[in-house]
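Position chain B against the provided structure of chain A, taking the given hints into account.
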Amino acid sequence: MASMMDVSELTDEALLDRIQRAAFNYFLNTTNLANGLVADNSRPNAPVSIAVVGFALSSYPVAVERGWLSRAEALERSLAALRFFSDSDQSGAPAATGYKGFYYHFLDPDTGARVWRSELSMIDTALLIAGALASSMYFDADIPGEIKLRELVDMLYRRVDWQWAHDGGDTLRQGWKPECGFLHYGWEGYNEATLLYVLALGSPTHPSHGDGYRAWTATYQWENLYGFDFLYGGPLFVHQFSHAWIDFRGIQDRFMREKRCDYFENSRRATLIQREYAKRNPNEFSGYDEHCWGLTACDGPSDEFPDVTGLPRRLFGYAARGVPYGPDDGTLAGWAPLASLPFVPHLVLDAARKMHLRYPEMMSDSRFASGFNPTLGNSDRGAWVSPGNFGLDQGIVIMMIENHRSELIWRLMRSCPYIRAGLRHAGFRGGWL
Amino acid sequence: MQGYSAPRAANPDGIYERERMENVRPPEWRNPKPAGRYNLVVIGGGPAGMVAANAAASIGAKVALVERALLGGNSLNVGCVPSKAIIRTSRLYADMRSAGHYGALGPGNIEVDFPAVMQRMRRIRARISRVDSVQRLSASGVDVFLGEAHFTGNDTLSVDGTRLHFRKAVVATGARPDTPSIPGLVEAGYLTNENVFDLTELPRRLLVIGGGPLGCELAQAFGRFGARTTIVQSMPLFLPREERDAAQLLSDVFTREGIEVRLNTEAVRVRMEDGQKLVDLISDDYRNTVAVDAILTGTGRLATVERLDLALAGVDHDAITGIRVDDFLQTTNPRVYAAGDVCLEHKFAHTAHASARIAVRNALSVGRRRVSALTIPWCTYTDPEIAHVGLYVREARDRDIPVRTFTVPMHDVHRAITDGEEVGFVKIHVKERTDQIIGATIVARHAGEMINEITLAIVARIGLRTLAHVIHAYPTQAEAIKKAANACAHPAGGGSTVQSLLQRWARW
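Quick mapping for you: the protein sequence lines, in order, are chains A and B.
Just add 19 to the spot in the first sequence (first one is 1) and you have this note's numbering.
Just add 577 to the spot in the second sequence (first one is 1) and you have this note's numbering.
Excised from the complex, chain A in its bound form (with noise of 0.2 Å):
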């Protein structure tokens, strides 16, 4: 563990660079080598998720460029999970790897077969699929290795039947199983899906139709709230996701053209909420106040622990927190802010070092726990710390960082035809676009 006195001293380069690189070990520790496939947190017997192989193909080539390794191990790491994707079982059974290009959300890390009896998941596919394109906008180079890549990515991203994701219906649908078709949870209101809606967009053989993404942001609610205007989303991680790919600045669809604002910006608003919550800490938890924030989606404690009046307090463990109508029970993600560093640098920095000082134990190895809870520490421990680390909250992490130090994704998307196509057919203009 990084000590107290080691990050003050460090420079906002030197911490950054510290985060990035111990985030990304996570990813070197946690990968299956045969199969390029990569569990969804550290601790035993953890499945694989198919979203965390998309933050893994991601962050390689951040890897390349920061030294941490070198470009020909990230290709065989990237060539790995491609090519398990690309032979992997699409019968849609129920121990199958996917479906109409889709995947089961939880995988078994050495067979890839479907475990958990888990969901066919678009959204964690959209995120795998974005993945795999940054990786093959990284592999330009006319050799084998990477031509395999490119021709393995296109393939994947071809493959995946974003029509048959609508059901008949407008808005894409969230998941789908064996046992039961597709599931009942819709998308309503803004969320991390803008990605999914502009890959599915920008598909040249299954695309999604343009009323579906126009149905979707219908259901946007706009909103002043502490003094912002934003697009209402509660938990912070659906401002970042999309983000970690897609540099939203200064590009507009119709609902931010009409409300003169961007993604980007909105992403500022809403981590400015954060804090504004957090000041306001309505439930008064400890710890939180404007350098300690970050209600997102994360781990948290789950026993029923008994508040000072004696009564039962809910927990809400592995949970989608979100501001400011909860779920809130105390625990926050000392990640979440880095999260949005490109959206307010200083303010994050801020956080991420305060944060660091009161609570060091929410690090170990200079890596996340996935939440901490203050309320629930003692003098002993400190806060309640969630064990292990989560793929999810190390790549969100790797990408901002980078993101905000090189723009390195931002660039390697912003080339990505399909990304363009996606986009213009979501009725972005403006900008880079």
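Hints should not be assumed to be uniformly reliable.
[As the list claims (entries may be wrong)] Straight-line Cα separation of at most 30 Å, DSS-like style, residue types lysine-lysine; simulated pairs:
#: 1; chain 1: A; residue 1: K278; chain 2: A; residue 2: K298
#: 2; chain 1: B; residue 1: K1060; chain 2: A; residue 2: K298
#: 3; chain 1: A; residue 1: K298; chain 2: A; residue 2: K196
#: 4; chain 1: B; residue 1: K1060; chain 2: A; residue 2: K278
#: 5; chain 1: B; residue 1: K1008; chain 2: A; residue 2: K278
Simulated from the structure, these hints should not be mistaken for laboratory data.
Quick look at chain B alone, frame taken from chain A:
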């Protein structure tokens, strides 16, 4: 009268039930002799029918009202009145249990006296029934006929064999609970709003099917009385019409209170075993069975159109949507109007009242009032309450109206903090770049009281900026509305041109 169960009291020997029946269906009542041709005959003595009859009588019209069950209708007898009475007691129990949060010493052992809850409800219902009594209506000049009415022609109907002639009629027969078609449900027995208030014992385990207003209100109330309550809702959220955040807050509250919340879930089969009801539930690919002592269904209401012989009067209707009316509440028979639940999508007592006034005015005078012009608020009386008026954001966007919403969480309102009632928000929707209020949703412990200010503003066309100049007593929870108005009138923070100009000026 086939298929119709005669009105009954929960405990006819009780003094309160005797009083209520004396008021709303006096056993010794003799129907009057029909007085030639009536200016108006009203069929149905619920909220719409009572208002229609009184309004017509007050302008000197010769009026008859026919009721086949109880005056006061659902609202008084099996709806708003009894439910709000028991909800009040359930809130008190919830407050007692959380006494520690308020710095109070709660009673050591909280025991729910369910018969006392129901006795209080009956007392209150009897008291309010005095307003809706047959005697009172009759004294105001209305010929009250208790019996079953059916049309016999364009301008005639029969009440148990007695023929009534009318120039105009208003059908206000209301609605009744829809029975979900779940195999085994009818055989196992189930509760609806029509008989749940007859309970004399608290079911130990209760399954509520349907997450609409009625299901949500009663699930929470019975949960607070100590019934182990499960609520099953086929949609991803409760109250599917309401804003996502409102429904989400409610579902969080339910879970915190120990109600088992089963969203995206269908009850598919019911069977009796060892004296308990076993209900099979399916959520996507997950199946399980719950064992309960009672099942309450709150899955919607159907207009009461049967046995009226509407076809003989040339009145178009549908078993599900009810009587077909135009915007003036006129049916396909120009002499016949309809009002209230029997013809309206929004089945609320206050909508019934308002529509009845329109129907009477349009039927008896030259007035041409439109029902679409009404601004109708509504409220679900859970804790917190969820109230709404005007358009939802989705509806506005469907009509291509750009919307800006001013949101004030109740945790920013001092009185909500002092009251320990911080769960909720006020959201006021205005048309983008104007201050014209197009709708609002309030989630707060007293949201039903707070929404009226917004309704007034919409009806009187008062813009949100003007509300910023209205002094609100401090500290009150309705100050949340003033805060939203302030945000509209004096923008600050992101997105404000004035703010960025000021910031630039300050930097300079």
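Cross-check of the supplied hints:
| no. | hint | verdict |
| --- | --- | --- |
| 1 | A:K278 / A:K298 | holds (27 Å) |
| 2 | B:K1060 / A:K298 | holds (18 Å) |
| 3 | A:K298 / A:K196 | violated (42 Å) |
| 4 | B:K1060 / A:K278 | holds (22 Å) |
| 5 | B:K1008 / A:K278 | holds (12 Å) |
Of the numbered hints listed earlier, the single one contradicted by the structure is hint 3.
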